[in-house]
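Since each chain comes alone in its own frame, lean on the hints to assemble the complex.
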Amino acid sequence: MSQGAIDLKEVSLAFGTGRNAVIALENLSLNIEPGEILSLLGPSGCGKSSLISTIAGFQPPHSGTLQVDGERVDRPGSDRGVVFQQPTLFPWKTVRENVDFGLRLRGVPRKERGSILDEILLKVGLTEFGRHYPAQLSGGMQQRVGLARVLVNKPRVMLMDEPFSSLDAQTRLMMQELLLEVWSEYRMTILFVTHDIDEAVYLGSRVAVLTRRPGRLKKVFEVHLPRPRKIEVLVSHEFMRLKKECMALVREETLGSLGQEFKAKRNAEHYRQVFIQEPATPSI
Amino acid sequence: MPGEIPSEEQALESSFIPPARASWRSLAAARRLGMRALALAAFLALWQVASESKFRLIVNFANVPAPAAVAKAAAAFVQSPKAASHILNSMRRVLVGFVLAAALAIPLGIGIGQSRLLADIVLTPLEILRPIPGVAWIPLAILMFPTSEQSMIFICLLGAFFPILLSTIHGVENLDNKLVYAAKSMGAGRRHIFCEVVFPGALPSIVTGLTIGMGICWFLVVTAEIVAGQYGIGYFTWESFTLQNYPDIVVGMLIIGVLGMGSSASVKYFGNLLMPWHRYLHQAR
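In order, the protein sequences belong to chains H and Y.
Per the numbering used here, residue 1 is the first one in the first sequence, and the count goes up by one each step.
Per the numbering used here, residue 1001 is the first one in the second sequence, and the count goes up by one each step.
In isolation and in its complexed conformation, chain Y is listed as follows (with noise of 0.2 Å):
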């Protein structure tokens, strides 16, 4: 594209290649990009369609808001003084569960990786509780906690402890067993195996655990705003939904998949952080 400046990737790569096909393959490049935001534009413009021409057939568009309206209504709504609240509620409730569910599944994950013993006394009663979902238990938890608040939290932590558990398990479990033996051989007592070869080894398995924990997190925290809840982006919505304001369902949804898909990325870079090492292996394989 002539005026575009190319990337690094592309400069290099059109380094390897003679200049006539280097154009060609940012052309080609440049095509596919085209596609996808015409492929946007056109979805978009059918749901304006849709909901103008208040489309009916089985769904039922008359009450769908189209998406100016939803542009003009997430532009009010950033502004409004209820925004920050709604989003660092619902954040805060996320957090909190995520990070209880983490400190209480890490450790006793390990522990039963380990320990038979402590697989059978433990690993029975969880194996029970561990289908039901977790928005079954937000009638009980209401109950069990003498605020909202910290009943929504506990759902939080219910649903992220599970996954966070499980993956460690097994992260412990499928470690190779020579790891442990090269490590006795150099020397190495208790501590060091587990700091330096058992924990290492299960983090990546961890850390799936806690990017899968971090998503039902969310799912959660919304449906428990929704029964419980002031404040929270859960909440906004629902009350967006009894006050009519269709809009503002829409765009309570989408505050929800971005911050749902962001806390999940950072979970998952503060990850790779974490394990510099694990992207080579991968490449490797």
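So that you can see chain H by itself, here it is in the shape it has in the complex (with noise of 0.2 Å):
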């Protein structure tokens, strides 16, 4: 399956007008690989979710180009699945019910819908719970029924926004687990945003990493870790190494941006010292 190529040429973006603009990306250039897991890690607020909106059409980039298998993206559309960082399912639908709206949306007759259903809710474990609404489920439980009401779309990407950062560290590596298992079988693009070097390393094909804002490429690095990737994985020389250079360029923005409001800081009081002395008293 040669579906879901990403191609970002140029793409720059910025939210507000005038002096309040805040540029989220600029001229990023990225290609991602029909079929592949594409982790993208970056310091916070450079830009990651904003990626993920403009592929997923949310939000237009301001210049540049963004195809997806060839097409120019202007709209949210099912072959672009988003997994969102909260799970963002309907609370007034039940589980089944919020799974089947792409199905209805895409108008799969109702006989086929029901085993389709019954299907994908076995894949992600909630064969049980279809009746229940998304209040009555955990957060892991919750955040499986997002992943299936995007599998259900059988969509050409999957866009996951920091998808697992809300859960605890047990549940989060059954569900990477699960996404991997999910993905060896779809063999979607999958475009994975975290701040969590491990998972990056440990779901991505390759993990590109972004400099702080105005968002920009900094590094992409192939991960030739074997797959299937089981969890032993995680404690293998060839993962520690890519972890820490990956952990080195993170650091490295975090710190740059860090460092930017220290010395605006340091800016402010030097500005202070000179211009705004105490008031001298008066002699009389």
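Hints in this document: simulated from the structure, not taken from any laboratory.
Here the structure is a predicted model, which is why all the values come from computation and not from measurement.
Note that beta-carbon positions come from the ideal geometry of N, C-alpha and C, so glycine has one too.
Treat the hints with care, as some may be off.
Unchecked claim - Listed below are the simulated DSS-like cross-link pairs for lysine-lysine, each with C-alpha atoms no more than 25 Å apart in a straight line:
#1 H:Lys93 to Y:Lys1178
#2 H:Lys244 to H:Lys219
#3 Y:Lys1178 to H:Lys154
#4 Y:Lys1268 to H:Lys93
Stated by the list, open to error - If you want the ones that stay clear, here's a sample from chain H, every Cβ over 10 Å from chain Y, calculated:
#5 Asn31
#6 Ser44
#7 Thr94
#8 Leu105
#9 Gly125
#10 Met174
#11 Tyr186
#12 Pro214
#13 Met240
Structure, rendered in structure tokens:
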């Protein structure tokens, strides 16, 4: 399956206008290969999530071109599924209805939908929870519903915005394994945004590191860890080497942005000392 | 308590705790219930004593009917042929006004919540009208409508309109934008986003507005009936005053209370039927 190639050429994205404009991405060029998992790492606020919403079609880029399989992206579509940081399920729909939503929108006949739903809920281990409402489920279960409702559309591309970041460590590990399992079956392209270096390396075919804002590409690593990846990979030499390298790069960027803040603070202090002196006591 | 059949909840609870403690618990519950009954009885007794002794210190109890007299009057009222007509007239006015208010305010609120243009056009005049209490509209309403019936319904409508409108706007505006994004990324168009995301998302807030609106409707119908009504429970209460049937005043007040409480409760009940998911939301948080 050679679908789901994402091409970004010189993509820039800004929020707000005029003086308040914040440049989220600047001249970002990136090719994501069909069927790979690209992990995207970067300091917080570097525009990782902005990239997701651009590719999803929520936020058109201000300049540059963005194509999926050679087609310009100009609106959201079910060929590009999004898994959000929070599960973002519809609280008024049961688990089944949440997953069914995409099927109904695509006009899949009712008879087929039942068996598709059964299959997908089995895959994410929620067979017994079809009639539950999201509020009755744990965070991990909710995120599995979030995954299922994207999978049910058989998307070419799956965009994941720190999907496991609010889960506890054990649940997160299980979700990562589930994701790899699902991916090896469907082989869609996955863009996986995270700030967790372990997660980025464990899941990714490649890991891309972004610079601090405005986000640009700093470096891309190939992850030559064998697939299917077992949990033991997390303590292998190669994993540690990659992790160390990523860590150094991310740290550099994070410290860089902290440094800027520090400088700004120091300048303000200097300004105060030079220009706003203590009012001199008037001499009579 | 010996001889008392334990409720399902108590039975469930007692299966988890040793019997000695279970009986202690149900005893404590019975004691609380007893205390409440006693307090109520004391209140009624105090009232009875105050009105019989024609207590007078700032508050004048000389003309306040005693509970026994009220009970007697209530029994007489319930049996009288006019009772149904008074109650049904008030209920009809409230219901028509309330339904019209909801039918106008909910669509308008959703429109305002979604379109800035509509908000700019409609909200400004409405903001000027909003602080005027419904009661202040009564004279003008009587002049504006050919029948007093219509003017009373209009007053009810007006009172319920603003709380429903404002909470609908609030519900739409406070909807998590991510839910709309999620729907779009699954290929939803405007119609689906409206019917399956925006409307159900705003529904809890709308139901809150309806409950408040219903309360205001009762408040206003009673006032409007006092001024302009023939038949109606507010009219009955005022008529009892002018005819010096003092026990009937209290009967009227009590019936207004019961009707108001009952209609708010039924709005809540139907709201919960519409939103079976809503109670889990509150349990989880």
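Verification of the supplied hints:
| no. | hint | verdict |
| --- | --- | --- |
| 1 | H:Lys93 to Y:Lys1178 | holds, 16 Å |
| 2 | H:Lys244 to H:Lys219 | holds, 14 Å |
| 3 | Y:Lys1178 to H:Lys154 | holds, 21 Å |
| 4 | Y:Lys1268 to H:Lys93 | holds, 20 Å |
| 5 | Asn31 | holds, 22 Å |
| 6 | Ser44 | holds, 18 Å |
| 7 | Thr94 | violated, 8 Å |
| 8 | Leu105 | violated, 5 Å |
| 9 | Gly125 | holds, 20 Å |
| 10 | Met174 | holds, 21 Å |
| 11 | Tyr186 | holds, 17 Å |
| 12 | Pro214 | holds, 23 Å |
| 13 | Met240 | holds, 36 Å |
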